[in-house]
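*Asks:* Heads up: the sequence lines are chains D and R, in that order.
Everything in the first sequence is counted per the numbering used here, starting at 1 for the first residue and increasing by one.
Everything in the second sequence is counted per the numbering used here, starting at 1 for the first residue and increasing by one.
Derived by calculation from the structure, the hints in this document are not laboratory data.
Since the model is a prediction, treat every value here as computed from it, not as a measurement.
Treat the hints with care, as some may be off.
[What the hints assert, rightly or not] Restricting the straight-line Cα-Cα distance to at most 25 Å, the calculated cross-link-like pairs of lysine-lysine (PhoX-like) are:
id	chain 1	residue 1	chain 2	residue 2
1	D	Lys262	R	Lys253
2	R	Lys95	D	Lys274
3	R	Lys173	D	Lys263
4	D	Lys210	R	Lys109
5	D	Lys179	D	Lys198
6	D	Lys185	R	Lys253
7	D	Lys244	R	Lys251
8	R	Lys95	D	Lys102
9	D	Lys272	D	Lys262
10	D	Lys102	R	Lys109
11	R	Lys18	D	Lys272
12	D	Lys263	R	Lys18
13	R	Lys173	D	Lys262
14	R	Lys253	D	Lys210
15	D	Lys300	R	Lys253
16	R	Lys173	R	Lys52
17	D	Lys272	R	Lys201
18	R	Lys251	D	Lys263
19	R	Lys95	D	Lys131
20	D	Lys210	D	Lys244
21	D	Lys131	R	Lys253
22	R	Lys173	D	Lys131
23	R	Lys95	D	Lys136
24	R	Lys253	D	Lys272
25	R	Lys95	D	Lys272
[As the list claims (entries may be wrong)] Far from chain D, some chain R residues (derived; all Cβ distances over 12 Å):
id	residue
26	Met1
27	Glu51
28	Lys52
29	Asp67
30	Val70
31	Lys173
32	Met196
33	Lys200
34	Lys253
Glycine included, each C-beta is placed from N, C-alpha and C at the ideal position.
Here is what each chain is made of, one letter per residue.
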Amino acid sequence: MKALLIGEYREGKLLDSTYELFGFAAQLGAESALLLVGNEAQLPAFGGTLYLADAAVCGEYNPDLHKKLVLEAVQKENPDYIIFVHSSYGWDLAPRVAAALKTAQISEVTAIVSGGFEVGCCNAKMRRTVKQNNNKAVLTIQAGAFPALQPGGTPQLQRLAAEGATTLEFIGYEPAEKKDVDLGKAEVIVSAGRGVGKKDNIPIIAALAKTLGGELGASRPVVDAEWVSHSHQVGTTGQTVSPKLYVACGISGAIQHLAGMKKSDFIVAINKDKDAPIGEVADVLIVADVMQFVPALTAKLA
Amino acid sequence: MKLLVCIKQVPDMESRFKPDAAGTWYSESDLAWRMNEYDEFAVEQAVQLREKLGEGAELTVLSIGPDRVVEAVKKALAMGCDNAVHIQDPAAALKDPWQIASMIAAFAKDRAFDLIFTGMQSQDRGSAQVGVTVAEQLGLACTTTIVGFEYDNGTITTKRELEGGVKGVVKLKTPALVTCQLGLNVPRYPTLPNIMKAKKKEIVAIAAAELLREEPLTTTASFHPPAKKGGGIVLEGEVGSLVDQLIGILKEKTAVLR
Numbered sequence: 001m002k003a004l005l006i007g008e009y010r011e012g013k014l015l016d017s018t019y020e021l022f023g024f025a026a027q028l029g030a031e032s033a034l035l036l037v038g039n040e041a042q043l044p045a046f047g048g049t050l051y052l053a054d055a056a057v058c059g060e061y062n063p064d065l066h067k068k069l070v071l072e073a074v075q076k077e078n079p080d081y082i083i084f085v086h087s088s089y090g091w092d093l094a095p096r097v098a099a100a101l102k103t104a105q106i107s108e109v110t111a112i113v114s115g116g117f118e119v120g121c122c123n124a125k126m127r128r129t130v131k132q133n134n135n136k137a138v139l140t141i142q143a144g145a146f147p148a149l150q151p152g153g154t155p156q157l158q159r160l161a162a163e164g165a166t167t168l169e170f171i172g173y174e175p176a177e178k179k180d181v182d183l184g185k186a187e188v189i190v191s192a193g194r195g196v197g198k199k200d201n202i203p204i205i206a207a208l209a210k211t212l213g214g215e216l217g218a219s220r221p222v223v224d225a226e227w228v229s230h231s232h233q234v235g236t237t238g239q240t241v242s243p244k245l246y247v248a249c250g251i252s253g254a255i256q257h258l259a260g261m262k263k264s265d266f267i268v269a270i271n272k273d274k275d276a277p278i279g280e281v282a283d284v285l286i287v288a289d290v291m292q293f294v295p296a297l298t299a300k301l302a
Numbered sequence: 001m002k003l004l005v006c007i008k009q010v011p012d013m014e015s016r017f018k019p020d021a022a023g024t025w026y027s028e029s030d031l032a033w034r035m036n037e038y039d040e041f042a043v044e045q046a047v048q049l050r051e052k053l054g055e056g057a058e059l060t061v062l063s064i065g066p067d068r069v070v071e072a073v074k075k076a077l078a079m080g081c082d083n084a085v086h087i088q089d090p091a092a093a094l095k096d097p098w099q100i101a102s103m104i105a106a107f108a109k110d111r112a113f114d115l116i117f118t119g120m121q122s123q124d125r126g127s128a129q130v131g132v133t134v135a136e137q138l139g140l141a142c143t144t145t146i147v148g149f150e151y152d153n154g155t156i157t158t159k160r161e162l163e164g165g166v167k168g169v170v171k172l173k174t175p176a177l178v179t180c181q182l183g184l185n186v187p188r189y190p191t192l193p194n195i196m197k198a199k200k201k202e203i204v205a206i207a208a209a210e211l212l213r214e215e216p217l218t219t220t221a222s223f224h225p226p227a228k229k230g231g232g233i234v235l236e237g238e239v240g241s242l243v244d245q246l247i248g249i250l251k252e253k254t255a256v257l258r
């Protein structure tokens, strides 16, 4: 079985998530080739075929050219699987490749299981086992779901080039907003989710954070609704944290949030939905109304 | 200028999901339905553009599914879409993303839409494939996961949301398709007068069989809850007692309470 892995660069740096592709391919038992649109100064130690195109020419985000490069590598390699990370790069490019090949795509794979691949659904509350109907498949793997693996070795380089008209123009990166709070250093984080109900309830969550000597965190919907500033956001698009204690208040536990906090030493979740996916990572799940429980806990601790 | 926004009706995600008789998707009994959250941002952005363009612009909302999806379509009409297409498909949940995208593309093919909006993914299926696949099938410029959108005379400037709070600024020209991320805007609540006005707007029904030409590329073998991680404690009961139990656990298991 052969796999073509598609790695990822951001602002000239090879992303660590590329090593999760090696970890996945090892579990799959596939012989891997790697495609990178990047630069020769930043290559992973990997003993297989490495198709390399220059990001200075092809851009880091240029789906038209990147699709051409992937298709060229597919033609040379004839892989059974073409594998991306389910990232802003992967979920954007993978369907373009799958459509060009008119082949199956299975998105955000969390596990390899008998009879196919397991993927999350229903806001991560449930799982599906999905299989492809043809002999080639495009896969995107969930970030953080598979262990990173450093294969070692020296790659056999095969250079690829692509050119031609493109339908979009990448103007540049806009840096993340300056953070007024560094959650990475906090020993305790108490985070507010949509379940707190309204902006007026945020101080009640903040009061518990203060009582525990910690910082206030938040899930994405709370930040999007502007109840709390973005610098408090925990998750893939916010900060990744690993405090000694993480208290999730009214947070259902979307994958992007779990990826940002599941390495915390001890996780307490307060949620009225016993089946909420936050329960998958919580050491203690308190099934209760967050606006009744949190003030009672703060009062008892004060 | 012709605009299209594609929406899906999904269950409320707070629902308790149970497998259906075939064990390959959720049972539809006892579910409350709503518009897919990502699509609310897509509708809002499309309506804002339609309002900016004024006379001569036309915004169509499209949804695929059984009759219940008309409720979500009516909401989109009340938010400001001009007219609607309901692709009638009682078995839409059994179609894979390739088939759903193919049906949308078959509908849009000869209708010369300048700009198509979709959510970046659905909350229930979550493949994040349909929007991009529609663009590929129609040969449209496409970018995904946008949290910023501006339109000026045929040029769209978007901000894509990348990991770690970084954004990527991308320009593209119409005809194009964009997939919308949460937080792109603040979706409006339909007002009562607009809900009344929406009742007069046209909803064209098209049978799925007229648009479906493609076989599925994937098969769902099963639908099931995640394997329990084990080790986690679930506490239920009266609040005062829960507080005491949690404090006891924190004292025993963490060094946080001194």
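*Asks:* Against each hint, give a clear statement of whether it holds in the structure.
*Replies:* Hints and how they fare:
1. D:Lys262 with R:Lys253: 17 Å, holds
2. R:Lys95 with D:Lys274: Answer violated: Lys95 of chain R to Lys274 of chain D is near 30 Å, above 25 Å.
3. R:Lys173 with D:Lys263: 42 Å, violated
4. D:Lys210 with R:Lys109: 57 Å, violated
5. D:Lys179 with D:Lys198: Roughly 23 Å separates the two Cα atoms, so the pair holds.
6. D:Lys185 with R:Lys253: Between Lys185 of chain D and Lys253 of chain R the Cα gap is close to 21 Å, so the pair holds against 25 Å.
7. D:Lys244 with R:Lys251: Measuring from Cα to Cα gives roughly 13 Å; hence the hint holds.
8. R:Lys95 with D:Lys102: At roughly 16 Å apart (the allowed maximum being 25 Å), Lys102 of chain D and Lys95 of chain R satisfy the hint.
9. D:Lys272 with D:Lys262: 20 Å, holds
10. D:Lys102 with R:Lys109: It holds: about 18 Å lies between the C-alpha atoms, which stays within 25 Å.
11. R:Lys18 with D:Lys272: Holds: Lys18 of chain R and Lys272 of chain D sit about 18 Å apart, inside 25 Å.
12. D:Lys263 with R:Lys18: 30 Å, violated
13. R:Lys173 with D:Lys262: 41 Å, violated
14. R:Lys253 with D:Lys210: With a Cα-Cα distance of about 20 Å, the restraint between Lys253 of chain R and Lys210 of chain D holds, given a limit of 25 Å.
15. D:Lys300 with R:Lys253: 18 Å, holds
16. R:Lys173 with R:Lys52: Roughly 18 Å separates the two Cα atoms, so the pair holds.
17. D:Lys272 with R:Lys201: Violated: Lys272 of chain D and Lys201 of chain R sit about 40 Å apart, past 25 Å.
18. R:Lys251 with D:Lys263: 20 Å, holds
19. R:Lys95 with D:Lys131: 14 Å, holds
20. D:Lys210 with D:Lys244: Holds. Lys210 of chain D to Lys244 of chain D sits at ~15 Å (cutoff 25 Å).
21. D:Lys131 with R:Lys253: Since the Cα atoms of Lys131 of chain D and Lys253 of chain R sit roughly 42 Å apart, the hinted pair is violated (cutoff 25 Å).
22. R:Lys173 with D:Lys131: 36 Å, violated
23. R:Lys95 with D:Lys136: 19 Å, holds
24. R:Lys253 with D:Lys272: OK: Lys253 of chain R and Lys272 of chain D at ~24 Å, within 25 Å.
25. R:Lys95 with D:Lys272: Not OK: Lys95 of chain R and Lys272 of chain D at ~33 Å, beyond 25 Å, violated.
26. Met1: Holds, because the least Cβ-Cβ distance between Met1 of chain R and chain D comes to about 18 Å, which exceeds 12 Å.
27. Glu51: Glu51 of chain R clear of chain D: closest Cβ-Cβ about 22 Å, beyond 12 Å.
28. Lys52: Lys52 of chain R is indeed farther than 12 Å from all Cβ atoms of chain D, at 22 Å.
29. Asp67: 22 Å, holds
30. Val70: The claim holds: Val70 of chain R sits with its nearest Cβ about 22 Å from chain D, beyond 12 Å.
31. Lys173: The claim breaks: Lys173 of chain R does not keep its Cβ more than 12 Å from every Cβ of chain D (closest is about 7 Å).
32. Met196: 28 Å, holds
33. Lys200: 33 Å, holds
34. Lys253: Given that some Cβ of chain D is not farther than 12 Å from that of Lys253 of chain R, nearest at about 6 Å, it is violated.
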